[in-house]
Amino acid sequence: MLKIFAATAKELLLLRRDRTGLLVLFLMPAILVVLITLVQENVMELTGQKKTQVLFLDLDQGDLGRSLQKQLSTTTLDLVLWDEKQKDIADIQAAVTGGGYQVGVVIPKGASARFTEETARLFQQGTGSGKPREMAATTVQLFVDPGIMAGLRSGVIAQLEMALTTIALEAKLAQLGGVLAQTMARAGMEPEQSPLAGDKLPALFRQPLLDLQEHQGDSGAIGASQYKPVQQNVPAWALFGMFFTAIPIAGSILQERNSGIWIRLTALPVSPLVLFTGKALAYMGVCLCQFLLIALIGAFLFPFLGLPAFTVSMHPTAILLTVVLSSLAACGYGIFLGLTCNSYEQASTLGSTTVVAAAALGGVMVPVYAMPQVMQQLSIISPLNWGLTAFQDLLLRGYSLSAILDDLGRLLLFFAVTVFVSWKLAGIRK
Amino acid sequence: MRPGDPCLPEPGPDCVVSARSLIKQYKNSDRPALNDFSLEVREGEFFGLLGPNGAGKTTAISILTGLFPADSGSIRIKGMSFQDHEHEIKRILGLVPQDIGLYDTLTARENLSFFGKLCGLSGQKLAERIQQGLEFARLTEHARHQVATFSTGMKRRLNLAVGLLNKPQLLVLDEPCVGIDAQSRHLIHNQLQEINRQGTTILYTTHYIEEAQELCSRIGIIDNGRLEEQGSPTALLQQSGIRNLEELFLHLTGKELRDT
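Chains as they are written, first to last, in this note's numbering: chain A, 1 to 430; chain B, 1 to 260.
The following block holds chain A by itself, in its conformation from the complex:
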């Protein structure tokens, strides 16, 4: 045990003396997490997870426009009202196709009158057995940025269509109520007896008869939040940084191998496993500090940048365990690289390429569910995916430790396998 601690202390001393290398290890993930999270805040707007700004130009200035504004006020659309005296359709089209806004809605002049007229004509067609006459629909013009994501486009259009359908339905019911009242009056009945009495109609219409209830999976978690880039990015880029420590670990082994140090160590009464463990412990400390730094940035710096704060209130022990096992996996990979490669150049090229590939595959850069099916299936081979899935289960889905044991087991197994293979390689290298 003393030999392990001696190796750890030596490694920490070497790290302390290499301040530039240490700074890079901490700065790289810190810069990435801030940049990527800021960038993804905008992506959230584009994917409809935040309110989408919709230009609204009411050239009509009638009831239809006011009703539509009222309906849309309860949606995720954020209306930007343009003055009809200063702007026209060409302006709104230019603003949307130019990318300044993603969606523009125009209520054409005379739309309210046409809508009222058509609604009134709806029940004036008589009750004969003939085919109903085609009605002339009142058009509301919509402009959508061609570069908008398909999901957001569908979402916005669905909300607008829902609002228009509601307005049309309310108007139809009001008209029907009027027709019914007239018919009842002709039959000698009191208008108040009508089930579609005018004043009660909107309130009755809004009574929910069917309800859609959303559940948070089967975790039974309390406080599980919706997808937030901060909760995704903080662990994701911390993991990325942690796995990048594989390169300095490999570098330190190669420095030993390519000097007389490795020969000296091999001639001493100490197992390579002891040396590997000492090294892993030291770099595990580095990884823990990396995670702490990134978490602190997420918790305290992000609010100053207009981002939501990162929170780890749920299952701190499970999160710590995930960080520890992810660090071990990263260290194991570094040791493996150090024994596999023959030069630092090889190790840094192979290490950075594989870590970036594993990060991309693991969902650090693009969520796994957004990948093609084949890539989603491949993602399960990435250790970064195991770590990230565990973090997401804890931080986003609100699962407990028992739910992430499989991912933690994979990380531990990865460490064990890489160290075992490295140990065997050390024997072969002799």
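Rather than coming from a laboratory, the hints here were simulated on the basis of the structure.
By construction, the Cβ of each residue, glycine as well, lies at the ideal position given by its N, Cα and C atoms.
One should not assume that every hint holds.
Cut-off 25 Å, straight-line C-alpha distance, at most; resulting in silico cross-link-like pairs (DSS-like, lysine-lysine) [what the hints assert, rightly or not]: (1) A:K3 / B:K167; (2) A:K424 / B:K167; (3) A:K3 / B:K117.
In silico contact screen, one side only, chain B against chain A (beta carbon under 8 Å); selected entries [to be verified]: (4) I100; (5) R109; (6) E110; (7) F115; (8) G120.
Okay, the calculated bits of chain B under chain A, using three or more residues with CB under 8 Å as the criterion [said to hold, decoys possible]: (9) 84-93; (10) 199-205.
Put chain B on the given structure of chain A with help from the hints.
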């Protein structure tokens, strides 16, 4: 009797190193690095393994210290084999590699401390050995300086001091004086002779003939992976009838340049 001879007698009780018929063939080479190499080093001897570049000195040292195994043959260190007693052998063995085996960004003291701990030393004993090592290397004043700031001579002295931390019964040195000035070489020679006088058996490789002649009680001349001759410098000269050791060396190993 030539070494490697099947009639070579069983190693005596005072035999510290006994290597028999070692063969080592590297994968990327068309000739064996060691070819039926046999050697005996007795207790208290200062044995010099002399050979030109590429003769097999470092391979022999590496196999004799258990860094890697031979393809065939047997090795006994104080009667123990690496297969059965690797840990015990490493406890009584001190190795000074040809390449500097020190961490550049650690100080002299930190290097001694780290390798001392790996030798199983701790507490007061470790502190004493570190101090002795610094004094031995004449680096007490530079104890807190990083090795990267040292001259080659200082690094070589510290490299040697680290090899002595566990007070080895067998000290194996692979060309420990390469690239250093006369003063450092002189100091190292004196100290090695002193260590040898105190009872440590030394196996020393070099391609400097005068160095071998000055230091060693017995010499083995290795070439093409075989031990061509061995004996005391005086005995070797008498047997061959050649005037000096350099001529004997060239006589045995040839005058062709060795660029391997």
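Going through the hints against the structure:
| no. | hint | verdict |
| --- | --- | --- |
| 1 | A:K3 / B:K167 | holds (18 Å) |
| 2 | A:K424 / B:K167 | violated (30 Å) |
| 3 | A:K3 / B:K117 | holds (6 Å) |
| 4 | I100 | holds (5 Å) |
| 5 | R109 | violated (11 Å) |
| 6 | E110 | holds (6 Å) |
| 7 | F115 | holds (7 Å) |
| 8 | G120 | holds (7 Å) |
| 9 | 84-93 | holds (count 4) |
| 10 | 199-205 | violated (count 0) |
Violated hints for the displayed structure, listed by number in ascending order: 2, 5, 10.
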